[in-house]
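Taken in order, these protein sequences are the chains called D and U.
Under our numbering, the first residue of the first sequence is numbered 1263, with each subsequent residue one higher.
Under our numbering, the first residue of the second sequence is numbered 1263, with each subsequent residue one higher.
Since the hints were made in silico from the structure, they are not lab data.
Treat the hints with care, since some could be wrong.
Which copy? The list can't say, so a pair holds if one copy fits it or any two copies do.
Quick list of in silico lysine to any residue cross-link-like pairs, SDA-like style, CA-CA up to 25 angstroms [to be verified]:
no., residue 1, residue 2
1, K1928, P2020
2, K1771, T1359
3, K1751, E1333
4, K1751, M1731
5, K1548, G1903
6, K1928, A1340
7, K2001, G1518
8, K1564, R1995
9, K1555, Y1897
There are 2 protein chains.
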Amino acid sequence: MFSSVGSTLLYCAPVVSAVCVFVGGMGSENTLVRLLKWVTLFTVLFFIGFIIGWCARPVTTHHEEPDHLQEFLDEIHAENIKQHLRKFTRLPHLAGTQQNLRLAEQIRDEWLAFGLDSAELVWYDVLLSYPNRTHPNYISIVDQHGDEMFNSSLSEPVPEGYEHVTDIVPPYSAFSAQGRPQGDLVYVNYGRTEDFFKLEREMGINCTGKIVIARYGKIFRGNKVKNAVLAGAKGIILYSDPADYCAQGVEPYPAGWNLPGGGAQRGNVLNLNGAGDPLTPGYPAKEYTYRSKLKEGAGLPKIPVHPIGYHDAVHLLKNMGGASPPPDWRGALNVSYRIGPGFTDDFILNKVRMNIHTYNQVTRIYNVIGRIRGAREPDRCVILGGHRDAWVFGAIDPVSGAAVVHETVRAAGALRQRGWRPRRSLIFASWDAEEFGLQGSTEWAEENAIMLQERAVAYINADSAIEGMYTLRVDCTPSLHTLVYDITKLVMSPEEGEERISLYESWHKRDNWTNNRDAPRISKLGSGSDFEAYFIRLGITSGRARYTKNRKTERYSSYPVYHSVYETFELVERFYDPSFQRLEAVGRVRAGLVFRLADALIIPLDCKEYARSLTQYANTIQQLALEHPEAIQRYGVTFEGLFSAVDNFTQAAADFHQRLDKLDTKDVLAVRMLNDQLMYLERAFIDPLGLPGRPFYRHVVFAPSSHNKYAGESFPGIYDALFDIENAADPDRAWDEVKRQISIATVTVNSAANTLHPVA
Amino acid sequence: MFSSVGSTLLYCAPVVSAVCVFVGGMGSENTLVRLLKWVTLFTVLFFIGFIIGWCARPVTTHHEEPDHLQEFLDEIHAENIKQHLRKFTRLPHLAGTQQNLRLAEQIRDEWLAFGLDSAELVWYDVLLSYPNRTHPNYISIVDQHGDEMFNSSLSEPVPEGYEHVTDIVPPYSAFSAQGRPQGDLVYVNYGRTEDFFKLEREMGINCTGKIVIARYGKIFRGNKVKNAVLAGAKGIILYSDPADYCAQGVEPYPAGWNLPGGGAQRGNVLNLNGAGDPLTPGYPAKEYTYRSKLKEGAGLPKIPVHPIGYHDAVHLLKNMGGASPPPDWRGALNVSYRIGPGFTDDFILNKVRMNIHTYNQVTRIYNVIGRIRGAREPDRCVILGGHRDAWVFGAIDPVSGAAVVHETVRAAGALRQRGWRPRRSLIFASWDAEEFGLQGSTEWAEENAIMLQERAVAYINADSAIEGMYTLRVDCTPSLHTLVYDITKLVMSPEEGEERISLYESWHKRDNWTNNRDAPRISKLGSGSDFEAYFIRLGITSGRARYTKNRKTERYSSYPVYHSVYETFELVERFYDPSFQRLEAVGRVRAGLVFRLADALIIPLDCKEYARSLTQYANTIQQLALEHPEAIQRYGVTFEGLFSAVDNFTQAAADFHQRLDKLDTKDVLAVRMLNDQLMYLERAFIDPLGLPGRPFYRHVVFAPSSHNKYAGESFPGIYDALFDIENAADPDRAWDEVKRQISIATVTVNSAANTLHPVA
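All chains, please: the whole structure from these sequences, using the hints.
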């Protein structure tokens, strides 16, 4: 304001001089001329005053703030990320342990020191699961006398440099039932629904009363366990086959980044479907919260489960009898992969026995929640959240992500200390107990559900920032597509030899989304990380970004040493990202997303991209249905309503963006109104009734199928109903369910279109 | 703006004259003095210009608009309401009939003519239920040969002046099952849960296979039917006992306003619990919506049901045998009220047979939706809605309400045509098929659920505007208390002899809320009218107002001719409101509420009143639990968490209102932020998981108990759990449920407190 007064005064100076000269020559004229001159003088002086007065008056509309995005991105440094990773991976940080609490306190303290407005620990008392220290878990082969002929290893060989570390939890399946079931082994391939169908229908093998052995990969391990229970198995062994956990031409750790034979994959085997703490589904696990009886807990498996490495697996598989496997059931071990049940003739009296003493215990966990209050819209928030708890050192999962969050917080704090505040509030979260079923993030979402539903603009997830060395991988909701492309154009490629091209260009070149358009591939969100409660339950705009492998050439699941003791700092430093440029690039993408979402005057979401994706999903799901042309005809299944709803949405999105383009950005209320519509766009796809049998999966457009928690399906209700057609006892009812699900999708998409209109 | 420039110029005129005089006398002074004078001249002229410039600059903050509330209230006239009532009650307007469609079209056309921005019909295809025209429903007493000794009347005697009217639907129970069950009669008093307990436990009477007869009153008729089904009855007869449907010293209609002996109460007997259309629960009944099979429809009774008047009831009751009734089971008929089963000795071979041919049919219904776009916040809306469909003429239910809505729309249109627009959008609704289970309002809520959840500020219900001749009755959410008091202070009492006092004073005098405070009584919302989906499912701030009887002296249920053919224009004109001043007063209250909610800069809701009510409810529900002191002790039931949550809410509400008091009302964004919090206050009490077994009743603080849809209970989850304690098969489980419900209430109240904080 004052500078504008100053400059106006400056412009006035010559005018004032001219007036002085003008008045000075007035003595000799006649009265009329003098009067005219006086009037002119008054007029000029009046206007000078008027103009200055006009300009000096403060006007309370929006001031375009300088954009600090590039400053923010530049503040994120590879070297810092490396130091954070080093610091956070010295010790194991299993959820519910003292070490993880201490790490939480350290993070809180550092976040405060970085310059956040607040940072605090938020606790919940949730059900966790640990191996019994005095009765280790293992698998045996026993002879007819019950004597143990072979026992699986009790732990993984500890990597060099970590021999002194205590409290390394041995490989186990968290929340396994206890027990010592004994029986014949059946090999069930990946343990998928279709694998069990093949076993039962094509091979005529009944798993009832058997112990099944499944290889890890393809689907979430909890789904394997659920399928085994449905098939009647009394125990399930999970193992890592080299076909799925070793890359070709790569050495086992520490010489390379492959899984060693003694390594095994930890992990929970729950089927929570978004419930969070198994004893308090839907509600935060606080001191005032009612807890279910353990036997009624959500998602707990009824049978013992245990994971082993491939060295141990060879012992179990090598003498198996029974039918030969279908070709695609063979892994890469030097065994026959016979199906069983039981061993070959020479070993036919031998049985497999599981010895599982894992116990469940209500345990206190701690999230760290940090905040920067928004300058203009403190009541709106953008969340950057990732977990802190690790199975052991967790250098990839989660610390590669947590280190990036830490650096982002540091960068935000640095800007904050230079006087910057984002337009909207920023919330940073270090979640606990993600590995035990996304519990920290889900409980916090449950405690803050109403607030989040009303106020959250977006949630950006920050689990592992790297799982390969090839290019960027982004999973997000369609409305974020455009922002993701925009941000990646501002970040440089981290690859050697690509110093002059942007991350966008590098990504585009390496993973073109060819079948959709000429742009880098972006995938749907599935589940298996902390965005779940925010996206699938609450309908908050969400996305995640990480560095990944080459999807066309690298066929192994996840990354080889996933959830093993070999996820060390050295693994990342030596193999995955020696320069830490990849983590820096991922960090800048995540930070850039959060920054723009929190600071842009107009929330940078693209409804037209959502419309485009919906059209595509409607086509895809119709194609899936058309695989049953006769039934479609017979039951009168039609997608007409859904396509018409998608058209409505497409039109509404186009109209909305037209209004947005014409928006007077100085009109504070008009900006807020459109921002509200953008913020609530994702919310519109939530059905409060939830998906069938899954009350906490409420997103009608995106959720994992019931058959694999990891992968996101579009229109999951319809997808699952079609999936179930194959084995429906009552096809009339099954097709009715397909029709019902199409109708729900139609109602929902229409309803979402409705929310894009300007008038209530 | 221009007027302020003008007035500034006016003030400047003498200054300018003075300057002229001053300059005119400058010729003879020395240079320094002249210079000083010139500087002074410049300065003065500059400041004149500056001040005018300052004032002329438009400032884009809020302008206090003149308040048109009184103008709006004054626009609502008794005489107009009378004319609307007359016009809308000439013919029956049963939902699903041509006559009701024509009325919808008429209302739409008149609303457009009044000056609304838009008015349209919105249709749904829902399940309705009608008597079979060729096979009338009736009840018989049959002898041992099956011959009919007595048949109940097929219709009510038509009131004078309406003899020519066709299409008067005879008394029936909508959605009754079809059938001709025959058996012994059991008198079950009001058919409440406690009545059936008394029968089964104290009197040892088993209703299995019996036909039960219940008197109307105390609870919703659908609950009576549900209880009869649970008790094993194969049919239920509902009748109006003079004890419950005749006021003392009043003549039957047309001489007075009591129910004649030939009159009977129509009504639906569903147990929908908020589902709306029974075939599309949760979703709008459009052409693209999946419909359940009829046998899976929501809330449909499994047994025949039929209503009769007290003349017919005498025939059924007079010869009943069995035990004598408890004293409070006796009605006012000249019969013994013996319980049965069956008749006395002389008639012991006689049975009762129901002949019910009512059928269900998917039928198109039409809401009328009218809108005035908001001037400043078009994306926010306030809804005034009431139903149009009537069982017959419906002069009280609903037309006394619909006439008031019509007059309110006329008044709003009149202001609109004079240039006024409300700050927020106004939506007026004429709902269809309320009598068939609140279907029109629920389907529209289902179609617009997401929009409403995000944008609706309040819903004001407009069912029957009068049910007595004594004083005002208001049921609303606590945050509306203060506004209700404020508005009623602006409306004059409609009572003769009270021409100089306000409605507030009259109401206060007649119905003091003594046990809470010295103020007029305001009650909780129950259900049984169209606010249900808006309030109990969606959590939108809601209220209703009507004129009522003297609750202390008039003990009859509802009003005597409720749902009979005798609800005529003449009933209202002769007895209930001859001057139409009462309807005018109610109209002004409803209109005033809607006006202030839509037009006030700050949404006039009071969080502190909510806190006050929560405290009271927590005390009440604790008292109810303390009726079981031993169990409370044994099971460790505590309300500590709930009280602490209520304290949190109370503190948050106080802080919120402090911020509100200090709010700079010129700060457009700050105003909107606080308004958002006010708008969403009620939403915070919604639990998406719903109450146990009632997914569409989601309000944790207010819902009807499972045992009576009409009456609102506070903390209904806890209330129902405690209600069920008495007859719990497994007390451990029952008390666990009490604890679970207390925990849910605690979580919810804490969560609501959370939303009152300023920062996300």
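Hints versus structure:
1. K1928 to P2020: Cα proximity of K1928 and P2020: in one copy and across copies (18 angstroms, 24 angstroms).
2. K1771 to T1359: Answer is neither: 44 angstroms inside a copy and 65 angstroms across each miss the 25 angstroms cutoff.
3. K1751 to E1333: Within one copy only: 15 angstroms inside a chain, 59 angstroms across chains, cut-off 25 angstroms.
4. K1751 to M1731: within (19 angstroms within a copy, 73 angstroms between copies)
5. K1548 to G1903: between (44 angstroms within a copy, 10 angstroms between copies)
6. K1928 to A1340: Neither way: K1928 and A1340 sit 39 angstroms apart in one copy and 46 angstroms across, limit 25 angstroms.
7. K2001 to G1518: Neither: 51 angstroms inside a chain and 55 angstroms across chains, both beyond 25 angstroms.
8. K1564 to R1995: between (29 angstroms within a copy, 23 angstroms between copies)
9. K1555 to Y1897: between (43 angstroms within a copy, 14 angstroms between copies)
In this structure, the earlier hints numbered 2, 6, 7 are contradicted, and the remaining ones agree with it.
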